[in-house]
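Mind docking chain B on chain A? Use the hints.
Chains as they are written, first to last, in the working numbering: chain A, 1 to 586; chain B, 10001 to 11082.
Heads up, a few of these hints could be off.
As the list claims (entries may be wrong) - Distance windows between CB atoms, simulated:
1. A:Ile564 - B:Gly10893: 18 to 26 angstroms
2. B:Tyr10489 - A:Glu25: 32 to 40 angstroms
3. B:Val10365 - A:Gln317: 56 to 64 angstroms
Stated by the list, open to error - Every beta carbon over 10 angstroms from chain B, so not counted as near; a handful from chain A, in silico:
4. Phe57
5. Asp114
6. Pro120
7. Asn126
8. Thr318
9. Ala339
10. Ile369
11. Ala383
12. Thr484
13. Gln528
Because the hints were derived from the structure by calculation, they are not lab data.
By construction, the Cβ of each residue, glycine as well, lies at the ideal position given by its N, Cα and C atoms.
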Amino acid sequence: MVLAFVFSSCEDMLDTTNYTQMTTETFPEKYEHAQQMLTAIYQNLSQVSANPQMSFFYLSTLASDDNFGGGGKNDKLMQAEDLLCNYQNDMLNQFWTDRYTGIFRANNLINNIDNCKDYPSQDARNSILGGALTLRAFYYYELVSQFGRIPLVTIAEPTDPEQASAAAVFGQILLDLKTASDIMPAQKATVDGEVDKYIAEALLARTWLYYTGMYCNGEEISALTNTNYQPLSSVKLADGSTLTKDDVVKYIDDCVEHSGYSLVGDFRNLWAYTNKCTKDDYYYTKGVSGLKWVEDDNAMNPESMFKIKFNKLASWQTTIGYCNQYNLHFGVRGGQDLAKTFPFGQGWGAGPVAPNLVNDWKSAEPNDIRLEASIQNVNKLPAYNRGGWADFVQETDYYMKKNAPISAVNTDKATYPANDYLPCFEILMYGSSNWSNDSKPVNFQLNNIHDLVLLRFADVLLMQSELKESITGINRVRARVGLTPIGAYSLKALQNERRWELAFEGTRWNDIRRWHIAADALEAQAGQPTYLAGSPDKNTAHNGGYKARYNATAGFFKIPEKQISLSKVLTQNPGWGTAEGEYTGW
Amino acid sequence: MHLNFRKTALLVGMFSAFGLNHTLQLSAASVDAIAVVQQSKKVTGTVTDGTGPVIGANVLEKGTTNGVITDMNGNFMLTVRPGSILVVSYIGYQSQEIKIGSQSIFNVQLKEDTELLDEVVVVGYGVQKKKLVTGATIQVKGDDIAKLNTTNVLGALQSQTPGVNITSASGQPGEGFKVNIRGAGTNGSTTPLYIIDGVEGDINAISPADIESLDVLKDAASSAIYGARAANGVILITTKQGKAGKIQVTYDGYVGWQNVYKMPDLLNAKQYMGVMDQIVFNTGGSPYNWTNYMSQDRYNAIMSGADEGTDWLDAIRNKNAITTNHSINIVGGSELSKFSTGISYYKQEGILGKPVASDFQRATVRLNSEHILWKKNNLDVITFGENLYYNHNQRSGITTGNQYGNDISNMLRANPLIPIYNASGDYFMYDDLKSAGWFNYNSYTSNPIAKMVNTQGGNNLSKNYGLTMSGFLKIQPIENLILKSQFTYKQSSNSWRGYSPAYKINDQGDMKTGGSVSQSMGTGWNWQIENTVGYKFNVLTNNHFDVLLGQAFQKSGFGMGESMDATAGDLLFSEWDKAWLSNSAATQPTSAGGSPWGDNALASFFGRVNYDYKETYMASIILRTDGSSNFARGHRWGTFPSFSAGWVVSNEEWMKRSSSWLDFLKLRASWGQNGNCNVANFQYMATVAFDDYGQYPFGSKNSSTQGGYANIVPNSDLTWETSEQLDLGIDMRFLSGRLAFSADYYNKKTKDLLIRPDQLGSWGTSGAYINGGTVENKGLEVALAWNDQTAKGFKYGANLNFAYNKNKVTEVKNAKGFIEGGYDVLAQNTGYVSRMQVGKPIGYFYGYKTAGVIQNATDLQQYLNENCKGLASNSLQGSNIQPGDLKFVDFNGDGVINSDDKTQIGDPHPDVTLGLSLNCEYKGIDLSVTTYGAFGQQNLRSYRKFTDGQWENYTTEVFDYWHGEGTSNKYPRLLPGNSGVNLQQISDIFSENADYLRIQNITLGYDFKYLWKSCPFQQLRLYASVQNLFTFTGYKGMDPEIGANAGSRDQSTYEAQDWVQGIDVGFYPTPRTYMVGVNIKF
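So that you can see chain A by itself, here it is in the shape it has in the complex (with noise of 0.2 angstroms):
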């Protein structure tokens, strides 16, 4: 009995009580724990611009027609993306494990959002619940456009389901933002960087658009890379519902006519380079009336609807995806004097735009200020030297403008005696202080700060005109730039419309995969006039060609092999697995 006694008195002792952590135990059960929970399914957009190179975004923007790989001879993902290969056993393993713990805080949210019992209104819950569906759904949606067969995971617990067919996935995609769509209340988010409704519905439209006509042969490699294109008018939802055309066509609709997202009056006033710190030294800014930057000071953007944003929080330690680091990714290569490539910053010269974009879209639509909007010729930057550090692969004589770092002429002496120019600039717009890097900041690498617009306005006019296939949509958006209004709708049209408006937005590569011309669009590059090391040369096919690669893989990527060792049921895609999927080495 003293026995007993002593042993059940040290098990008192040696319970232990975690001072610093919350538990499952007690998490969630309250409005505010539901709040955290959502803002930590948010925390994922940042924590996958930690591994820009390994994200969707990214791997989108460079896979697509309309860039090469670019970057040095070490930078061999940059490259791989662009010629649909393989780099290393995990090269995209980063995003596949980042993405699915968005997923999981997701489900864990969405499975005990009635946990918590003291929401101030149903608005208010369902505004919460809508969020953890749209951003689940998109985390998906980005996860299943990457590798295309994925384990489907909507339970917070370990499981090792087998890969989802595309129906089951996109029926749960589809499903979720459908819901958010249907419970969000009817107003446009507050808080800059928040989903609302109106992002659900965009997102179900774009959803629609690439599972409807991507998959609208089937399943198989074959059916993916068949030219025919034909879509889909109804899918089954993993309710048991169906949804329709019509369906998505209404969502759409109230989003172009409620949602109070506008198109912005000028379309450069969309980009960092009008910004007040540079556009006044910018020579294809300098004085042209009506520029502002709409996100000069911290404004909220009119027209962009869903993105990422980032603030002076990051750094090393913690993780510097709290900054845009695509941005310094598609940045100039060569650690180039700030005065020779103005306004443009450092970066590692990942994605050179393709020549064959220019010359389509000067041929298309010669007029269109937004050539020179989107792109820049470094032939026109004050010194330009090509090669960057000596390594350049895939250079041309053009880099994207949309998400640039853009830098400025340093105006705060007193805070920056040493610089005549300032790498981003963010640094003089928001002040020298609370940068958790340095006291005081000038890290090209860290300092942009800028939103990242994963869907503006105009992508919803234009997925409008596509779902309807009208002209009123397309219209508009070549109003806003002053072009001519076409008459009829057709879908080469719209297309193009897509592609010179869309630019660099991560859209295209879904958009020409989707539509069925991916192999014929991405062989155009081949045989493009490029740079190595600084020298000219020609954009040379390997591993058998763009046009041979997509036939094989259909633009899904090689499943990380460290996934499939460790799981019991998962398999490889189709193309990969054999030299032929695996880049070497310009």
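Just chain B now, kept in the frame of chain A:
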């Protein structure tokens, strides 16, 4: 050495510390106590044994405290009452009693006690006669540790403890050792449990000079008394305890000069240019125009050999780096009250890292005392004692470890064409590099010394303060029944400060625009209480029992400790001495944190029964139950039993025939279980994290919104890791104790390993620990010792120990049957190199086997025919395969070379370790040689981050790269590291045999007492010694002994992977040290 050996045994303080009866009077001090003698008779004589005089033998008038010890020549003189009896004794010999008659000169020849001494060893919560021990333990005397003059106790143990594998974790001062006892049994830390005077402690904090004895409990039965935490074995350290008698003061001091033992052969400027040109030539390019980056004059000077460029590693050598130690020990007391005090100071400078001060300093103070409060008749009824230990350590250093941020690696790889300083004497840094055009050569070009001195890695100081105070009360109500209660309070504090000025290193953004300082501090305490009852009794005279029952509880946790840290920029000053958080112009720190120590508790109950019959048949049973707060209720208690038995065969009647040559023969067998709860708390719950990985920057550029998320998949079933071990042993002594032999066979199985298996990405969160693996270690340990003395007093001895261990993972509970580790440790994008896999040794190296280099077209076709079904496309190199490429072996025989052909290419664990020491002593001169060797292990080495670019420097091994038929059959043709698979894929060309035999220590000493007999000292020894004199090895790196794990971390949890080791990417080598020292005894 024969006599020294005995003398050492004589000094064992354990006799007094544990209240055993000791019969010997240890000093002549008691002569003072002679009562007035009425009648007296002066007697003189000489004490000898078979070989010569016995120095220090005790000559005592029986029944009194009147006695002396014999001098150098074995002579004694004593005044006694007529008719009394002289007792002549010396440890290790049978005592003799001689009746004083009319004779006044006595020549006594002592006979050796072939039973050997009743030497005792520490067994945990007590001591035991060595001859009765049934488990596998080794005792190392404090003197033998101190003799080797190592910084760290472990450094001295290396050659003396078979079965204890000790490797340097880094040669940088203050960085410790990696230890495993009887093979790496776990994926987690293999560090044994260190018990210092009964309290769990840190061996790195203790001065070797404070150690009386050190006992290693190797088998499970021996360590079972520490059940809960003993899975890795136990090392018991007893510090010097008080002794009754005249106060004895000793001073030991030395000073040494250390240097790098072996420098790598890096390419000089001209060789470097040649190799770089060769590389571009091999890829079809044209040679560099070097004058783009330097003046024609300098170019000419390099080509003529007048300018060799910069040898970066040589430039940071700190030649003749000082190491010094001073310790004073004072021991004394009366029969009732004894004390022992020690003060030590140690300082060691690093041999690499100049101008950064890489050094370590340690000051320790020890106060041990014991007081008999109540003595009744001859019984110590109440005894009180305390042990107090304080240590103050501080160190600063350069960064070592993995391929990132490793200063040594940076030096090995840096471009030799870059000068250290510019014309104005400042570091040749960004602006110089830029204006010289070096960034057009390679944008990562940098000055690694400038990098070292400008980052926190080169500007840091850490301090640790530790205080352990324990007091005990021993009550002995009746003889041999001892109740003991010990309470311990431990306090520890630490601080760290690191500073980085503004700098700009390269064109890839390695820069900092403002200085910053980081400071962290932590402090806390914990306590433990232990209560034991021990009773020794006999049943029917010959059945001896020694029973122990005990209970212990230890606690640390909330409210008992906390830590804080902060980083601030915008510094007002730009120098190290003035880099403090307060000296920042910023209104708030850039980061700050503060947290409590976690709750932690361990409750234990234990019991032990030792039994022997006539000291011939022995058995021991131990049972221990522990409860750990790291596990959930229902899974937290673990019970660890053990059984052992021994048989002293030589005591048997029928063995008497062989007693002329065989003194002693004992057989032992033991079986037992131990536990390990070394795992983070709260694994049984899903915790919710509110950290940097749960924030999102919605509208604000200056702040983020904090979110929370579940961060592990909980495992409420998690429980103890258990180590189970069978040990069979034999101990023998021959030829009057001159030759000793012992051997042990063991089979150790560690089950339910606490592992955190790599989990599916689709889980979306970190997995918890599971009990998911088993590792087996089987081995053999043999120790041989010879000690003798010639008639002329020449003493000599040799000790040889040998250990063989075979390590095998027998279970890994995940889908793959293996766990991967060592991600990108050799170079970027090289993936995992280490595996813990069923059927293989833990942490073996995984990669491709190669069969040499393809020499010509015929050879190529033959390779393809044998490995690739004749098709180039089936080779790893693909259709471009050509002469000069490696012959990757088609290990699985399917005719295609791919990742399925990867296999074992090395094993970082030695099969055999060997320690051999020789010593001799003659007329005050002593000479000893200690060697240590490890055989059968491999290291994975690369001094270049070969996938990171083609411009890093090479060692002269590059000249062995293939450059035409017949030039090399190991290394492939030279290509830029980042193209082609020859180097990118990890293969056995990186795996090198790291067998070595090291002459660890040679010491030559002379005791001037022999020359200057009247000096006031008992000992005045001067010595000179050299450590790490020579290493016999075929290993091409700087140091074959690589204990570091190269900073390998789990890719998803970022936890250190202790089981990954043997990776050499620029290891801080063990220095060679020449030293002189003195031992003085008053």
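Against the structure, the hints:
At about 22 angstroms, the CB distance of A:Ile564 to B:Gly10893 agrees with the hint of 18 to 26 angstroms. For the hinted restraint 32 to 40 angstroms between B:Tyr10489 and A:Glu25, the CB-CB distance of approximately 34 angstroms keeps it satisfied. At about 38 angstroms, the CB distance of B:Val10365 to A:Gln317 disagrees with the hint of 56 to 64 angstroms. Every Cβ of chain B is farther than 10 angstroms from the Cβ of A:Phe57; the closest lies at roughly 17 angstroms, confirming the non-interface assignment.
Residue placement check: A:Asp114 keeps its beta carbon more than 10 angstroms from all beta carbons of chain B (closest about 17 angstroms). Separation of A:Pro120 from chain B is adequate, the least Cβ-Cβ distance of about 18 angstroms exceeding the 10 angstroms criterion. Once the 10 angstroms rule is applied to beta carbons, A:Asn126 is consistent with being away from chain B; the minimum gap is 19 angstroms. Under the 10 angstroms C-beta cut-off, the non-interface status given to A:Thr318 relative to chain B is violated; the minimum distance is some 4 angstroms.
The claim that A:Ala339 is not at the interface with chain B holds, since no C-beta of that chain comes within 10 angstroms of its own (minimum 14 angstroms). Here A:Ile369 stays apart from chain B, with its beta-carbon at least about 30 angstroms from theirs, past the 10 angstroms limit. With a least beta-carbon separation of about 15 angstroms from chain B, A:Ala383 lies farther than 10 angstroms from that chain, consistent with its non-interface assignment. The non-interface label for A:Thr484 is consistent with chain B: the shortest C-beta to C-beta separation is roughly 39 angstroms, beyond 10 angstroms.
In this structure A:Gln528 is separated from chain B by more than 10 angstroms, as the shortest Cβ-Cβ distance comes to about 23 angstroms.
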